[in-house]
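**Q** Position chain Y relative to chain X; hints supplied.
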Amino acid sequence: MLLVNLKISRVQLLARKRQTIIAMLGVTFGIAMFILMISFMKGVNQFLHEVMLSSTPDIHIYNDFKADQSSSITARFYQQDSHKLVIVHHLRPKQINLGLKNAPGIIADLKKDPNITIISPLVSAPLFFDYGSVQVGASVDGVNILEENRLFHLKDKMKSGQLENLLNTQNGIILGDMLASKLNVVPGDLVTLNAPSGTQGRFRVIGTFKFGIGAIDAAKCYVNLSSLQQLLSKNRDYITDIRIKLADNSQAKVLAPILERKYGYKSDDWETTNASMIASDTIRDVLTFVVSFTLLMVAGFGIYNIMNMVITNKMKDIAILKAQGFSGKDIVQIFLSQSLTIGVFGTTAGLILGYLLSYLVSRVPFPGGDIFSLKYFPVLFEPKYYFFGALFGMLTTLLAGVTPAIKASKIDPVAILRGNQ
Amino acid sequence: MQQEILKAEKLNKYFSEPTTFHVLKDISLSIKRSEFVSIIGKSGSGKSTLLYLLSTMDTDYEGEIFIHDTKITGLSEKALARFRNEHIGFVFQFHYLLPEFTALQNVMLPAMKLGKSDIKTIEAQAMERLRQMEMQDFALKPSGKLSGGQQQRVAIARALINNPSIIMADEPTGNLDSSNTARVFEIFQELMIQGNTIIIVTHDQDFAKKSGRIIELVDGCIK
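Chains as they are written, first to last, in numbering that gives the first Met the number 0: chain X, 0 to 420; chain Y, 0 to 222.
So here's chain X without its partners, still in its complex pose:
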């Protein structure tokens, strides 16, 4: 019974090949664009995410110093008399310790948490390189280079030199590649660093790194923790920042405020630090879905139009079929199966075309790949996008086909058959 309906459906579809193919192409392009857009956008998102996470720890604990009114000298003189109003302009801190008090204690405590996989303590200081007669500013990070490597995969980012050599060199330094070329040094050369206090240190260049983020590559360098502590004339417990990596980085938002309360130091999670990046992720996602949805809607209307036209042309045939004993349900089956056939073939072709286009884009060299560490346009190949593409394609054609099919089933054969008399 269903078989004869399918046969009628097939014969009619094949009898108007051009119309059928045009309707299919609508779906094909809609689905292909959906696949291409979502694969590319998600690829971009993932790339930016990786870049972002490559320089952002999950949680960053640091001393966010504020001018502390309670220790202001004015209070000592005027606060006893509540009738006097004291206004202090431009309050400045006096003698502030930038380091975290009891840093070793905090680190030991953090190590007990099973969610925390990597802890990298850091001394960070803005220092100056001597470059002839001028001074070049840089942010110098004193780190345990092995922990830092675990945190940010530094090894993959080394442009020259060996990371491990920092450990067995007395005063070694690893420079960002743009900073190194600015200072005109190559590995093996010596550079001079000046601390605000006036002390100087000579460091030997071990190697250069490249994150693919200009702001980092032009202004950052790594030295051993102890070297920097020494240069700044601090003791071995002096730590300014602690960076943490979690087993599951989605927990960062929950854990950061807990750590902040527990230790009394500012704790930023990566989502807060990169809020603008995450907002643009969301915007790209929304854009992808809006554009894809529009394309599929247009394809859907194409099918709807063509099926309506077909049914208007086929009124007589529908009347004949009904006169011979085909019920309204049979008519719905005949015409809905035509829409679905268009949907199945259109969607399948769309998935294939979408894959091919995505593949092509993923082989296009990325312009400006020197600045970003990116050779080709980033494209993600995820089976679930293809699954959603297929789902959307079928859903669209089903929705577009239902109304015309029901309209066809409601046709009164008597009115049509008598119409010619």
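Please keep in mind that the hints were generated in silico from the structure rather than gathered at the bench. Note that the coordinates shown come from a computational prediction; the quantities given were computed from them, not determined experimentally. Cβ coordinates follow ideal geometry from the N, Cα and C atoms, glycine included. A couple of the hints might just be wrong.
[Stated by the list, open to error] For each label pair, taking beta carbons as the anchor points, the in silico distance ranges come out as:
#, chain 1, residue 1, chain 2, residue 2, range
1, X, I20, Y, S15, 42 to 52 Å
2, X, L394, Y, T69, 37 to 47 Å
3, Y, Q135, X, E381, 28 to 38 Å
4, X, D411, Y, G43, 16 to 26 Å
5, Y, K70, X, L394, 41 to 51 Å
6, X, A414, Y, D25, 17 to 27 Å
[What the hints assert, rightly or not] Each computed DSS-like pair below joins lysine-lysine, with the alpha-carbon atoms no more than 27 Å apart:
#, chain 1, residue 1, chain 2, residue 2
7, Y, K208, X, K328
8, Y, K41, X, K328
9, Y, K208, Y, K41
10, Y, K70, Y, K144
11, Y, K77, X, K158
12, X, K406, Y, K77
13, X, K328, X, K315
14, X, K409, Y, K77
**A** Showing chain Y alone in chain X's frame:
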């Protein structure tokens, strides 16, 4: 006494467009097995309307219709479709074949819908029906390529494929020239001789005279 195959009781039918119009007035009739009945009347007398009521396609009427002891009035759309498929063969004025299909496929479709035999048997039966209409040579031609008279013969073959209890035809010769008209009438007479029940609406007096019984409608009443 021959067996009664179709019975209509007090059929009343109104058209509401453009104004309310009483088309059929208290029509009661009875048709026996193997009768060849012609329904004649002037244009607008309601003869086609009556045929469409009897064919179960038009359900908007008052009164009752029985075919084969089954009360047709009030059956669901689906049940009526099934009933038409099995018991009624219909021939239209304008042949009305499905243009995408071959003559043979057109004949086979109602049988495939009925689904009582396998495709091989149906095909053999359809060929046999076409042979009966002397259309076997055109079996594999697209129906759109056939002449009017040929199409009507295929349409008759299609009406016969499920061995219906009643064959109904609405002006089957209305669109044909005289030689084809004669051929179609011959076919209907052969069918009657074979024991089929036939109801034909026509305005062709000569054609009607050759049938077994004439029902004439005048202004919605049987004369």
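**Q** Decide, hint by hint, whether the structure agrees.
**A** Evaluation of the provided hints:
no.	hint	verdict
1	I20/X x S15/Y: 42 to 52 Å	44 Å, holds
2	L394/X x T69/Y: 37 to 47 Å	43 Å, holds
3	Q135/Y x E381/X: 28 to 38 Å	59 Å, violated
4	D411/X x G43/Y: 16 to 26 Å	20 Å, holds
5	K70/Y x L394/X: 41 to 51 Å	44 Å, holds
6	A414/X x D25/Y: 17 to 27 Å	25 Å, holds
7	K208/Y x K328/X	41 Å, violated
8	K41/Y x K328/X	37 Å, violated
9	K208/Y x K41/Y	16 Å, holds
10	K70/Y x K144/Y	41 Å, violated
11	K77/Y x K158/X	78 Å, violated
12	K406/X x K77/Y	16 Å, holds
13	K328/X x K315/X	17 Å, holds
14	K409/X x K77/Y	12 Å, holds
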